[in-house]
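There are 4 protein chains.
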Amino acid sequence: MDDEDLRELLGDAAHGYFAGGAGDEITLRDNMASWSRLALHPRVLVDVSRRDSSVELLGRRRPHPFVVAPMAYQRHAHADGELGTAGAAADTDAVYVLSSQTTTSPADVAAAVPDVDRWFQLYVFKDRQISRDLVTAARETGYEALVVTVDFPIGGWRERDRRSGFTVEHPVALNPGGRALTTAELFALHDPTVTWDDIGQLADEAGIPLLLKGILRADDAERAVDAGAAGIVVSNHGGRQLDTTLSGVDALVPVVDAVQGRLDVLVDGGIRRGWDAAKALALGADAVMVGRAVLAGLARGGRTGAADVLTQLVAELDTSLALLGCPNARDLDRSFVTPAPWP
Amino acid sequence: MDDEDLRELLGDAAHGYFAGGAGDEITLRDNMASWSRLALHPRVLVDVSRRDSSVELLGRRRPHPFVVAPMAYQRHAHADGELGTAGAAADTDAVYVLSSQTTTSPADVAAAVPDVDRWFQLYVFKDRQISRDLVTAARETGYEALVVTVDFPIGGWRERDRRSGFTVEHPVALNPGGRALTTAELFALHDPTVTWDDIGQLADEAGIPLLLKGILRADDAERAVDAGAAGIVVSNHGGRQLDTTLSGVDALVPVVDAVQGRLDVLVDGGIRRGWDAAKALALGADAVMVGRAVLAGLARGGRTGAADVLTQLVAELDTSLALLGCPNARDLDRSFVTPAPWP
Amino acid sequence: MDDEDLRELLGDAAHGYFAGGAGDEITLRDNMASWSRLALHPRVLVDVSRRDSSVELLGRRRPHPFVVAPMAYQRHAHADGELGTAGAAADTDAVYVLSSQTTTSPADVAAAVPDVDRWFQLYVFKDRQISRDLVTAARETGYEALVVTVDFPIGGWRERDRRSGFTVEHPVALNPGGRALTTAELFALHDPTVTWDDIGQLADEAGIPLLLKGILRADDAERAVDAGAAGIVVSNHGGRQLDTTLSGVDALVPVVDAVQGRLDVLVDGGIRRGWDAAKALALGADAVMVGRAVLAGLARGGRTGAADVLTQLVAELDTSLALLGCPNARDLDRSFVTPAPWP
Amino acid sequence: MDDEDLRELLGDAAHGYFAGGAGDEITLRDNMASWSRLALHPRVLVDVSRRDSSVELLGRRRPHPFVVAPMAYQRHAHADGELGTAGAAADTDAVYVLSSQTTTSPADVAAAVPDVDRWFQLYVFKDRQISRDLVTAARETGYEALVVTVDFPIGGWRERDRRSGFTVEHPVALNPGGRALTTAELFALHDPTVTWDDIGQLADEAGIPLLLKGILRADDAERAVDAGAAGIVVSNHGGRQLDTTLSGVDALVPVVDAVQGRLDVLVDGGIRRGWDAAKALALGADAVMVGRAVLAGLARGGRTGAADVLTQLVAELDTSLALLGCPNARDLDRSFVTPAPWP
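Chains as they are written, first to last, in this note's numbering: chain A, 1 to 343; chain B, 1001 to 1343; chain C, 2001 to 2343; chain D, 3001 to 3343.
Keep in mind the hints are simulated off the structure, nothing from the lab. A few of these clues could be false.
Just so you have them, the derived chain B footprint on chain A, three or more residues with Cβ under 8 Å [unchecked claim]:
1. 31 to 40
2. 100 to 106
3. 217 to 228
4. 282 to 288
If the Cβ cut is set under 8 Å, some of the chain D residues that face chain C in the computed set are [stated by the list, open to error]:
5. Gly3020
6. Ile3026
7. Val3194
8. Trp3196
A virtual CB, placed ideally from N, CA and C, is assigned to each residue, including glycine.
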C-alpha cells in the first residue's frame, strides 16, 4: 500500500500524524533509505534446508527477531486498534509492545490477546504517579518488560500536526473518559527532567526488565548498562522528533561495540523488508522493531492486514537466510554486509 | 512560502534580485543543502526542562544566536522595508544589521526602532568619504558594531539582474533623493583596492567593534585577528558573488580552529531551521546570520511576517537543544554532529 | 529496445519473469549501473590497427570473451527459443550455455546448432537422478562444460511473478510433456542441502569441466579451487535472488585476487556494452556472461535479433581496445580503469 | 541557448553530430558536470582593481587562456563556418585552432582572418602524404602550431550518427570538390598505426611547435615530453570517442604533476563558464580549449554569436579573479579549489 492510499484511508489529519515526521522529514525519509545503503554479500553451498530465524531476547528464545513497535492511538488507524496489532503479533509469534498512548487499556489488550508476548511502553510523565500506576498495571496484567522511551523529553517539531490540529480521543491510559486532546497537550504531560538516576531507580522498582528506547550514542549505551537496563532500542523515534537525526542503522555499530553483549540491542526505523532485519542482525543487533509497516497493515486490513505484514517480513528473513548461505540467524556477522556501492 | 509565491509577490525583477544568485546558482542552492549534509547525534536522559539558547557575542550575552543579515533595498520587498525587519529583530531579541544599501536612513531606523541591538553594514566605497560619513552617522545613532563586507570588491555575476535590468530607487544612504540606479551602477561605487591595511586602519578609527563579513579561508581568518577585527562572518554572500564557491558551513571548521576564540565567528548562508543553527554552534560558531528567510517573511507579512520567521527559528533551536540532550547552547560540541550518511 | 517495448512484446507475465528481479529490484537496477561506476583511462599512440579480443577459456582460445548466459524458458520470449540464442552464439562465435530449465531439449539444441561451443547449466535437484541424467545427456550430446548454479538453493523473492502467477509450459528437460508449472513449483525441485562436498563429487564424476555460477566472496572462490572447479561465475543471478546483493563487478576484484589464476573467472550482471566487458577483463576476469541483453534481442527478432546484440557487443569491445590503446584484450590491466568520479 | 533550440536550428542529423557523444553519452554529460565537482575557496582583501588573465602559451603571452578547439565541418552549423569562429577568435584575442576536417580551406581562413593567432589541427591519415601536405600548407599560410589529435586512431562509437547517417559535404582539405561522405567514410581515412615514433618524427619535421591533443595519462604525458611535443591537451575528445572515459579535469592533476612544466598543458571538455577556466589554471593548466560552447554561439549567430560566447567567458574569468582575491591568473594555485562537498 503506498502512501497515497494510506492518506485516503485515514484522512489528512490522522495520516499526517501516522505517516509524518519532524521538520522537513529528511530523517523520516532516510530511515527507509538507510537500510539500502548496506549491500549483502552472500555465501553459497551451505545446507540451508532448515533455517532458523530465532534470536534470544531478554533471555528467552524467540522464533524470529520482529517486535511490534509501540505506536500511539491505533484506533485512529483502524477500528481494531491495539487489539488488531496485538492479535497480529500473536498470530505471528512477534513480541508486542503496547504504547502508553494506547487507545485500548492495557488490561483489555491482555484479556483479549492473552497469548502474545507483551511489553509495555512507558513515557515518564510529570505526574510520576501516572507512570507508577501504569507500571503496576502493566506488570499485573502480564506485560513482561517495560520499554521506556527516552528520546521524548518534549514533543518533536511536527509540522503536519501543527497544520492539521490532529486531536486524540482515546488515550485511555492517560485520560480515561476525557475530552479530545491535541498532540501538543499530550506532549506537555511528558517530564523533561528525567535523568539516568531516575532510570536506575525505575529499573530497581519495576519488577520486570527495562528497555530504553531512543539511544543513538555509544556513551549513552554504556550508561544504559550502568543503569541496569536489560536492553536498548537504537532509534530516532521514527524520524518524528528532531529532523536530520542519524538513523538507527547508522548509529548501530558503535552502540553494539560499546555494550559488548551486556544488554540486548534492538534497532528500529524504516525496516520494510526481511533482509533489512538480516542486516541488523549481521551488524550485531539482537532484534528489530517494526512500526509504521505494521500500522499500514492495520489501517488496510485490521488484525489480518497487520499479520500479513509480519508474515511477509518473517518469510523474507527466512528467504534471506537461505540465500545468504547462513541458515541460522545467530550466525549472521558483519562479513555478510558491506557499504552499498550504489548511490 | 515557496519561491513561486515569492515571485508573485515581488514581481520578476525584484524576485530575481532577492532570490537569485551568481552564475548557474549552484552555490545558491547548495547553501541551503549544505546544512543537511550534517546529521545530528542526540544524547538522552539529560534534564532539559530549562533550555538556554544564549550565546556571547561581542562580549555581551544574547538570548539566542540569530542575527538578521544585512540586506539591501528592503522597501522593494515590502513597504515596511528596513523598519519591518528591524522591528522584527526587536520583537524577537535578535541583533539587527542594517545594510549600507538601505532604503531607510540609518537615523530613521534608529529613531523608529530604538530598542533593537543594531549593527551597521558597510561597503568600502571608492569615495572613502562616503564610508567615513556612514561610519560616523552609524556610531552616532547608536549602531554598536560595523559589519564590513569584504567579499564584494566588484559585483557578482548575476544573470537574473542582467536580464531584468533591476533598478533601485531608494538607496538613501548612498544616493539621497537621486535617480533610480541599476545594481551595476551601484556596484561600480565599490572600491576594489581595499586591503588588510585599510581594514586595520578602519578598525582603529571606527570607535566601535568591527566584523568582517565574507571570510572563507583559515589564513584570512588569521589575518582578521591580526587586523583587530572583533568578529568575522563565514559567508559566501548568499551565493550571489562567485558561483561554485564553498558554503559557509563547509568552510567553518578550519576557520574556527584557526582563530581559537580570539574573535567571534558567525556563519551564514542557507540557514532555514533552528537545528541548522544548532549545527553551526556545535561546529564552533558563536552566532548565525539569517538573511533570505527573514526577507521572505518581510515580503509576505511585513514586520509581523519577518518576526514570525525569527520566532520559529528561535523555537526550533530551543526544541533542538531539548532533543539533543544539550540544554545549554554553549555546551554544543562536535560530538552532536556527524557527516550525514544520506546522499 | 526499451523495457516498455519488451513488455508489449512479451505480455505482463512473461515480461515480469524475464525483466523482473527480487524485492524492490535495487540489485536488478544496480547491475546495470555498476559498470558505469568505473571510468576508463585510455592510453594513446599505440598501433591499434590489429585488435585481438581473444581470451583463453577452459584452456581454449576464444575469439572474444562473450558467453551467452543460461536463461530459462526461452520459448516464452520468442518462438525460436533456445535454438535462436544458440544459433546467435554460433553466428558470433560466442560460447552458449543452455539452461537446465530449457524449453528445447539439450539433444535438439545439439542437433540443430551443432557448431556452437555449448556448455550446460545445471541446478542440483532434490531428485539427484534428474541431475545425474541431465549431466550424462549433456555430455553425450557434446556439451563441453557444466555450469552449476550455486546461488539458487531456494527461489528468490520475486514479486512480479507472485502477482502475475507466471507459469511455464515447456521445461522439457525437467518435465517432458507435463502440465504447466508455476515458477514456485519449479523452484521447489531445487535441493537446498547441496554443499561443497557435493560439488567436489560432481567435479569428479562429471567427465567435463565444472564451473560454479553465483560466487560473490573470495572465501567461496578459494573453496571452488579446492573443490576442483575449472571456473567460477561472479554473479548475483541477475538480481533475481536476494535484493540489495552486491553486483558482480563490485565483488570481482577480491575474487580475482584470491584465485590467482588457479581457475577461470567469469562475471555477469548488467553487461550491456562492449566497454563493460573491457572493464571486466581489465579487473582480471577471463570472460563475461550476457543474459538479458541477448534475451531482449531474441524477443525482438529471434535468432537474428539475438545475434545482432552479440555482434554489437563484439564490435564495441573491438572499438574499446582501439580507443584504450590496448589492442590485445589480454593486456588490459587495472591501470585502464578507475573509480568513476561522477555520481 | 539550450540543446533543444540548437536542435531546431541545425536539424537532427547535424545536431546529432555536433551535440552527440559516444555510447550512452555518460562522458559527454560528465564533461560539463566535472567542473562543478570542484568548489572555489576565495581569498579576500586583496587589491583586485587591476586583473590580469594572461597566460604564457608556447612561449608567448596571451591576454587570456581561451583557445577555440578544433571542430569539424563548421559550415554545417552556420554559413559563416570556420570564418565565423576564426573571426570570433580574432575579435576576442583567442587562439584559433582550425580542424583538418575544415569546410573552409586553411588558406582561405588565413586570408580572410589574417590577424588571429592560428594553430592547425591534424589527424595522421593512412595516406601520410595528405598529412604532410596539410602540414606544409598550414605552415606556409601562417599557422603557428600543429595540434595533432592522438585519441582518434579509429572513429568513436556514436549512435546518433549511425542512426542519422549524417554526411559531410565540405571537408575541403581532405576531399576538395568531392562527393558527400559519411562520417564513417571519413573516419576510415585515419591511420590507426601511429605511434610515439611517428610523433617524434613529425615533431622534428614540422618546423612549428607540436601539441598532442587527447592525452589522459601521466605516463603518456611523460612520453609527450620525450617526443619533443611543445604541449598537450588533456582531453577525451568531447566525450565523442569512448564512453565512460575520464573527463579532462579529472585526469589533469597527475598529468600536470608528471610534466612539471616541461611542456604546456591545456585541458578541454565541458568548459562553459569563466570560473571553469579559473579552476583549470588553479590545478596547473596553462590554457583551456573551448569547443561546443563556441559552436553553439556560431550556430546561433555566426561570427557575432561565437564572439559573444568568448567575450562572456573572458569576462567571467576576469570576475572570478576579482572575487577569488587573485588578480593575476598566473597566481592561481590549488589552494583556491577543493573537491565540492555537494553531490
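These are the hints, each one checked on the structure:
Counting residues of the segment 31 to 40 of chain A whose CB lies closer than 8 Å to any CB of chain B gives 3, so the stated coverage by that chain holds, three being the minimum. With a threshold of 8 Å between beta carbons, the proposed coverage of the segment 100 to 106 of chain A by chain B is violated, since 0 of its residues qualify and at least three are required. Residues of the segment 217 to 228 of chain A with a Cβ under 8 Å from some Cβ of chain B number 4, which satisfies the need for three, so the listed coverage holds. Counting residues of the segment 282 to 288 of chain A whose CB falls under 8 Å from any CB of chain B gives 0; the rule of at least 3 is not met.
Nearest Cβ of chain C to the Cβ of D:Gly3020: about 16 Å, over the 8 Å cut. The hint is violated. Look at D:Ile3026: its Cβ gets to within about 6 Å of chain C, closer than 8 Å, so that hint holds up. Of the supplied interface hints, the one on D:Val3194 holds, with its beta-carbon coming within about 6 Å of a beta-carbon of chain C, less than 8 Å. Because the closest C-beta pair between D:Trp3196 and chain C is about 5 Å apart, less than 8 Å, the hint holds.
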